[in-house]
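Asks: Fit the two chains together into the complex; they arrive one by one in their own frames, and the hints show the way.
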Amino acid sequence: MNFSKKEISILIELVFSILFIVFFIPYFYEHRLISYDFNFITTKIVQIAIFSTIYFSIAHSVLEFFYKNKMINDERDDLISSKSYRLAYILLDLGIVVVLGHLLSDSPLQTNGTIIFLIITLLLAVSLIKSLFQLYLYKTS
Amino acid sequence: MELKNSIKKYRQLKGFTQEELAIKSGVSRQTIISIERYRYKPSLELGLKISLALETDINKLFFLDFIKDETNKSLKIKETEKEPIKFQDFEDKDWKKLWVNLKKNN
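Same order as they appear, the protein sequences are chains A and B. Each residue of the first sequence is one higher than the one before, counting from 1 in our numbering. Each residue of the second sequence is one higher than the one before, counting from 1 in our numbering.
Isolated chain B (complex conformation) (with noise of 0.2 angstroms):
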C-alpha cells in the first residue's frame, strides 16, 4: 500500500503552475515537486489546504494504491477456497471426467 496522488493531473486541468499552486496552498515551489513524485507524503492539513487551490474532493487527489495487491489477494483466495464438488452435485460431464480419470488410473 503506497499513498498516491494526482495533483498534477487536476493542477493541469485548472490551469494552475507548481509555482501559482504553491503559492495558494502556502508552501514552497520544492514542496509541490516532491509531493508530484511521490518523495514527499503531505500532512493532513497540507493536503486539504492544496484541496481547497485546486477546488477538488481531497479523496479524488490522494489514495491509497492497495488495488493490484487487492486484485492479487482475491486470486489466492479463489484459488485456495476452491472446495471440491460433491458426488450429488455431479453433472454428465464431472461423471465423465471421472471415468476418464480411472481409466488413466488403471
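In isolation and in its complexed conformation, chain A is listed as follows (with noise of 0.2 angstroms):
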C-alpha cells in the first residue's frame, strides 16, 4: 500500500494516540478514584508535553527524511480536513453530554480522578475517530 507524505502524517498522528492510550490511560484508569492535586495535575501535564515534543520531532524528522517532497495543501485537502473536523466536533458535543450526564448524576465516582479520565479518553477517541476517517477519506477520494 503506497502512502502520500499527507498520509504519513496522519498515520504519525494515529500511533501518537495509540501510543498515548498504551502509556499513560492505564495511569488514569488506575488513579480514577482519587483526587489529583494541582502539583501532581502539573507534573503530569509537563511529561505529557515531554512525551509529545519528543515524539513528534523524531517523527515528522524521520518522514522529512524520507519523503523530501514538499506537501502541498490544496482544495481537497481542505475539505478532508473539515469533513473530518466537522465528525469529530459531533463526537465531541456527543461525549461532553455523556461526560456531563456523569457529573450531574449521583454516582459515587465524581472525583476530579474520574472527571480527567473521561476527558483524556474522550479526546483521545475523538482524535482516533478524526484520524482514521481522515486516512479513509485520502484513500478513497
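Calculated from the structure, these hints are not laboratory results. Hints are supplied without guarantee of correctness; some may be wrong.
As the list claims (entries may be wrong) - Derived lysine-lysine pairs resembling DSS-like cross-links, with alpha carbons at most 30 angstroms apart:
#1 B:14 x A:5
#2 B:49 x A:83
#3 A:70 x B:8
#4 A:83 x B:24
#5 A:5 x B:49
#6 B:49 x A:70
#7 B:9 x A:139
#8 A:68 x B:8
#9 B:41 x A:83
#10 A:139 x B:104
#11 A:139 x B:49
#12 B:4 x A:139
#13 B:24 x A:139
#14 B:41 x A:68
#15 B:41 x A:70
#16 A:83 x B:4
#17 A:68 x B:4
#18 B:86 x A:5
#19 B:49 x B:14
#20 B:8 x A:5
#21 B:9 x A:70
#22 A:5 x B:41
#23 B:97 x A:70
#24 B:14 x A:139
Because the structure is a prediction, the values reported are computed rather than measured.
Replies: Here is the structure:
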C-alpha cells in the first residue's frame, strides 16, 4: 500500500494516540477514584508535553528524511480536513453530553480523577476516529 | 447526470506526467489522480487552472455525462407521443392493414 506524505503524517497522529493510550491511560484509569492535587496534575501535564514534543520531533524528522518533496495543501486537503473535523466536533459534543450527564448524576465516581480520565479518554477517542476517517477519505476520494 | 473529464487524454497528448500537471496547477499529484478517476470533483477555480495548464478549453476537459440519459428520454418521448393517424391521412397500406384487422376481429 502506497502512502503519500500527507497520509503518513496522519498515521503519525494515529500512532501518537495509540502510544498515549498505552503509556498514560492505564495510570489515569487506575487512579480515577482519587482526587489529584494541583502539583500532581501539573507534573503529569509536563510529562505529556515532553513525551508529545519528543515523539512528534522524531516522527516528523524521519518523515522529512524519507519524503523530501514539499507537502502541498490544496482544496481537496481542505475539504477532507473540514469533513473530518466536522465529524470530530459532533463526536466531541456527544461525548461532552455523556460526561456532563455523569457529573450531574448521583454517581459516587465524581472525583476529579474520574473527570480527568473521562475527558482524556473522550479527546483520545475523538482524535483516533478523526484520524481514521481522514485516512479513509484520502484513500477513497 | 455525472461530471466527467478528459484530463488524462489531454495530459497524455501534451506529454505531461501527473506530477508535472499537479505542479503546473498548484495541487498535489493525489488530487490529479482523484480527479482523473472521477473520485473528486474539482472546484471551478481548479478546473480553470487545469485547463490553463493543459492549454485546452475547459468545456473540452469537463462535461456532464447525460448523453445516454437524453437518448433514452427522447426514445421514450417518441413512443408516448405517437399520435394515431386520421382517416383522411390514410394511405393504401393503412387501409389494407385496417381491413386485415377487421377480418381478424370478426
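Asks: If a hint holds in the structure, say so; if it does not, say that too.
Replies: Right, here's what the structure says about each hint:
1. This hinted pair checks out: residue 14 of chain B and residue 5 of chain A have alpha carbons roughly 27 angstroms apart, not beyond 30 angstroms.
2. With a C-alpha separation of about 24 angstroms, the suggested pairing of residue 49 of chain B with residue 83 of chain A holds against the 30 angstroms cut-off.
3. Distance hint between residue 70 of chain A and residue 8 of chain B is fulfilled; the C-alpha atoms sit about 24 angstroms from each other, no more than 30 angstroms.
4. Using a Cα cut-off of 30 angstroms, the hinted pair residue 83 of chain A and residue 24 of chain B holds, with the two alpha carbons roughly 27 angstroms apart.
5. For the given pair, residue 5 of chain A sits about 24 angstroms from residue 49 of chain B by alpha-carbon distance, which is consistent with the 30 angstroms threshold.
6. Restraint check for residue 49 of chain B and residue 70 of chain A: satisfied, since their Cα atoms lie roughly 20 angstroms apart, inside the 30 angstroms limit.
7. A C-alpha spacing of about 24 angstroms is found between residue 9 of chain B and residue 139 of chain A, which places the hinted pair at or below 30 angstroms, so the restraint holds.
8. Between residue 68 of chain A and residue 8 of chain B the alpha-carbon distance is near 26 angstroms, which keeps this suggested pair within the 30 angstroms criterion.
9. Of the supplied pair hints, the one linking residue 41 of chain B and residue 83 of chain A holds, its CA atoms being roughly 15 angstroms apart against a limit of 30 angstroms.
10. Restraint check for residue 139 of chain A and residue 104 of chain B: the C-alpha separation of about 66 angstroms exceeds 30 angstroms, so the hint is violated.
11. Among the hinted pairs, residue 139 of chain A with residue 49 of chain B is consistent with the structure: their alpha-carbon atoms are about 24 angstroms apart, no more than 30 angstroms.
12. Our distance criterion of 30 angstroms between C-alpha atoms is met by residue 4 of chain B and residue 139 of chain A, whose separation comes to about 20 angstroms.
13. In summary, the hint linking residue 24 of chain B to residue 139 of chain A is supported, as the alpha carbons are separated by about 23 angstroms, within the 30 angstroms threshold.
14. As the CA atoms of residue 41 of chain B and residue 68 of chain A are separated by approximately 28 angstroms, the hinted pair is consistent with the 30 angstroms bound.
15. Straight-line distance between C-alpha atoms of residue 41 of chain B and residue 70 of chain A comes to about 24 angstroms, which keeps the hinted pair within the 30 angstroms bound.
16. About 23 angstroms separates the Cα atoms of residue 83 of chain A and residue 4 of chain B, which keeps this hinted pair within 30 angstroms; it holds.
17. Only pairs whose Cα atoms come within 30 angstroms are accepted, and residue 68 of chain A paired with residue 4 of chain B is rejected, the gap being roughly 33 angstroms.
18. With a C-alpha separation of about 73 angstroms, the suggested pairing of residue 86 of chain B with residue 5 of chain A is violated against the 30 angstroms cut-off.
19. For the given pair, residue 49 of chain B sits about 15 angstroms from residue 14 of chain B by alpha-carbon distance, which is consistent with the 30 angstroms threshold.
20. With a C-alpha separation of about 23 angstroms, the suggested pair residue 8 of chain B and residue 5 of chain A falls inside the 30 angstroms cut-off, and the hint holds.
21. The hinted pair formed by residue 9 of chain B and residue 70 of chain A meets the criterion: a straight-line CA distance of about 27 angstroms does not exceed 30 angstroms.
22. Distance restraint check for residue 5 of chain A and residue 41 of chain B: the Cα-Cα separation of roughly 22 angstroms lies within the 30 angstroms cut-off, and the hinted pair is therefore satisfied.
23. Using a Cα cut-off of 30 angstroms, the hinted pair residue 97 of chain B and residue 70 of chain A is violated, with the two alpha carbons roughly 78 angstroms apart.
24. In summary, the hint linking residue 14 of chain B to residue 139 of chain A is supported, as the alpha carbons are separated by about 28 angstroms, within the 30 angstroms threshold.
Checked against the numbered hints given earlier, the structure breaks hints 10, 17, 18, 23 and satisfies all the rest.
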